[in-house]
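Input sequences plus hints: build the corresponding full structure.
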Amino acid sequence: DQQVKQNSPSLSVQEGRISILNCDYTNSMFDYFLWYKKYPAEGPTFLISISSIKDKNEDGRFTVFLNKSAKHLSLHIVPSQPGDSAVYFCAASSGGSNYKLTFGKGTLLTVNP
Amino acid sequence: DSGVTQTPKHLITATGQRVTLRCSPRSGDLSVYWYQQSLDQGLQFLIQYYNGEERAKGNILERFSAQQFPDLHSELNLSSLELGDSALYFCASSVASAGLYTGELFFGEGSRLTVL
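These protein sequence lines are chains A and B, in that order. If you want our numbering, it's the position in the first sequence, counting the first as 1, plus 4. If you want our numbering, it's the position in the second sequence, counting the first as 1, plus 12.
Quick caveat, the hints were computed from the structure, so don't treat them as lab data. Misleading hints may appear alongside valid ones.
[As the list claims (entries may be wrong)] Cβ pair distances, simulated, as ranges:
#1 A:P117 <-> B:G64: 47 to 57 Å
#2 A:H76 <-> B:G15: 28 to 38 Å
#3 A:T114 <-> B:Q53: 17 to 27 Å
#4 A:Q18 <-> B:E66: 39 to 49 Å
#5 A:P83 <-> B:D83: 42 to 52 Å
#6 A:Y43 <-> B:D52: 15 to 25 Å
#7 B:D83 <-> A:Q18: 44 to 54 Å
#8 A:S73 <-> B:T27: 43 to 53 Å
#9 B:D52 <-> A:N71: 21 to 31 Å
#10 A:N11 <-> B:D13: 26 to 36 Å
#11 B:T126 <-> A:D59: 37 to 47 Å
#12 A:E62 <-> B:Q29: 40 to 50 Å
[To be verified] 30 Å max Cα-Cα, derived BS3-like pairs, lysine-lysine:
#13 A:K75 <-> A:K60
#14 A:K109 <-> B:K21
#15 A:K9 <-> A:K104
#16 A:K9 <-> A:K75
#17 A:K72 <-> A:K104
#18 B:K21 <-> A:K104
#19 A:K109 <-> B:K69
#20 B:K69 <-> B:K21
#21 A:K72 <-> A:K9
#22 A:K109 <-> A:K60
#23 A:K75 <-> A:K58
#24 A:K60 <-> A:K104
#25 B:K69 <-> A:K104
#26 A:K9 <-> A:K109
#27 A:K109 <-> A:K72
#28 A:K9 <-> B:K21
#29 A:K58 <-> A:K72
#30 A:K109 <-> A:K75
#31 A:K58 <-> B:K69
#32 A:K58 <-> A:K109
#33 A:K104 <-> A:K75
#34 A:K104 <-> A:K58
#35 A:K60 <-> A:K9
#36 A:K9 <-> A:K58
#37 B:K69 <-> A:K9
#38 A:K75 <-> B:K69
#39 A:K72 <-> B:K69
Just so it is clear, CB atoms sit at the ideal spot from N, CA and C, and this is done for glycine as well.
Listed below in structure tokens is the structure:
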């Protein structure tokens, strides 16, 4: 049972435009959500996170939106740059004493110059 | 550079064999996590150790075991290897003590295991 789903395996956008990556979850106990970015031959690196008490968190060009009622979150990248081309993983945690993250399968973002 | 070191980077072995993957966490991090990434799969949580003690267990097979040593480095032991065990194995670390958890894990570059 996949508790965190990224239904788009890939996304291609033009440089300068907005990239929107989507993620759905099924476990209502999740209360902390993160996005990780992964380049080939490297480990995932933390990008941005959001707590369930918020519906938006912004960090520079990256904004994460959380819709708890729909169990949906999205990552917006504006403007997109070629260096943003990577695999993006959505992850979720139920916090408390359970520290493990549940990851989606990832979305490959390609930003074309 | 995340500060998390994994060895070896690549490993090729045969079915039925046993291998050990090693992880050194970031300086000061007390928690170590092991994740498996198979082809076309997301990162599957295997196990977490905090300051030498097992803290959480995920989808870890009985043929796999792990431990965290007093110097906080960790080893993941994979035995009776099968073709399906071929994957990228990531180690991650975090401070992860009660009240300080932010969910941010720092990942190593991974160990790619190929079982032939």
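Hint-by-hint comparison with the structure:
no.: 1; hint: A:P117 <-> B:G64: 47 to 57 Å; verdict: holds (49 Å)
no.: 2; hint: A:H76 <-> B:G15: 28 to 38 Å; verdict: holds (33 Å)
no.: 3; hint: A:T114 <-> B:Q53: 17 to 27 Å; verdict: holds (21 Å)
no.: 4; hint: A:Q18 <-> B:E66: 39 to 49 Å; verdict: holds (48 Å)
no.: 5; hint: A:P83 <-> B:D83: 42 to 52 Å; verdict: holds (45 Å)
no.: 6; hint: A:Y43 <-> B:D52: 15 to 25 Å; verdict: holds (18 Å)
no.: 7; hint: B:D83 <-> A:Q18: 44 to 54 Å; verdict: holds (49 Å)
no.: 8; hint: A:S73 <-> B:T27: 43 to 53 Å; verdict: holds (48 Å)
no.: 9; hint: B:D52 <-> A:N71: 21 to 31 Å; verdict: holds (27 Å)
no.: 10; hint: A:N11 <-> B:D13: 26 to 36 Å; verdict: holds (33 Å)
no.: 11; hint: B:T126 <-> A:D59: 37 to 47 Å; verdict: holds (44 Å)
no.: 12; hint: A:E62 <-> B:Q29: 40 to 50 Å; verdict: holds (49 Å)
no.: 13; hint: A:K75 <-> A:K60; verdict: holds (14 Å)
no.: 14; hint: A:K109 <-> B:K21; verdict: holds (22 Å)
no.: 15; hint: A:K9 <-> A:K104; verdict: holds (17 Å)
no.: 16; hint: A:K9 <-> A:K75; verdict: holds (11 Å)
no.: 17; hint: A:K72 <-> A:K104; verdict: holds (20 Å)
no.: 18; hint: B:K21 <-> A:K104; verdict: holds (24 Å)
no.: 19; hint: A:K109 <-> B:K69; verdict: holds (20 Å)
no.: 20; hint: B:K69 <-> B:K21; verdict: holds (24 Å)
no.: 21; hint: A:K72 <-> A:K9; verdict: holds (15 Å)
no.: 22; hint: A:K109 <-> A:K60; verdict: holds (23 Å)
no.: 23; hint: A:K75 <-> A:K58; verdict: holds (13 Å)
no.: 24; hint: A:K60 <-> A:K104; verdict: holds (23 Å)
no.: 25; hint: B:K69 <-> A:K104; verdict: holds (9 Å)
no.: 26; hint: A:K9 <-> A:K109; verdict: holds (7 Å)
no.: 27; hint: A:K109 <-> A:K72; verdict: holds (21 Å)
no.: 28; hint: A:K9 <-> B:K21; verdict: holds (29 Å)
no.: 29; hint: A:K58 <-> A:K72; verdict: holds (9 Å)
no.: 30; hint: A:K109 <-> A:K75; verdict: holds (17 Å)
no.: 31; hint: A:K58 <-> B:K69; verdict: holds (29 Å)
no.: 32; hint: A:K58 <-> A:K109; verdict: holds (24 Å)
no.: 33; hint: A:K104 <-> A:K75; verdict: holds (19 Å)
no.: 34; hint: A:K104 <-> A:K58; verdict: holds (21 Å)
no.: 35; hint: A:K60 <-> A:K9; verdict: holds (20 Å)
no.: 36; hint: A:K9 <-> A:K58; verdict: holds (21 Å)
no.: 37; hint: B:K69 <-> A:K9; verdict: holds (21 Å)
no.: 38; hint: A:K75 <-> B:K69; verdict: holds (25 Å)
no.: 39; hint: A:K72 <-> B:K69; verdict: holds (27 Å)
Every hint, counting from the list given before, is met by this structure.
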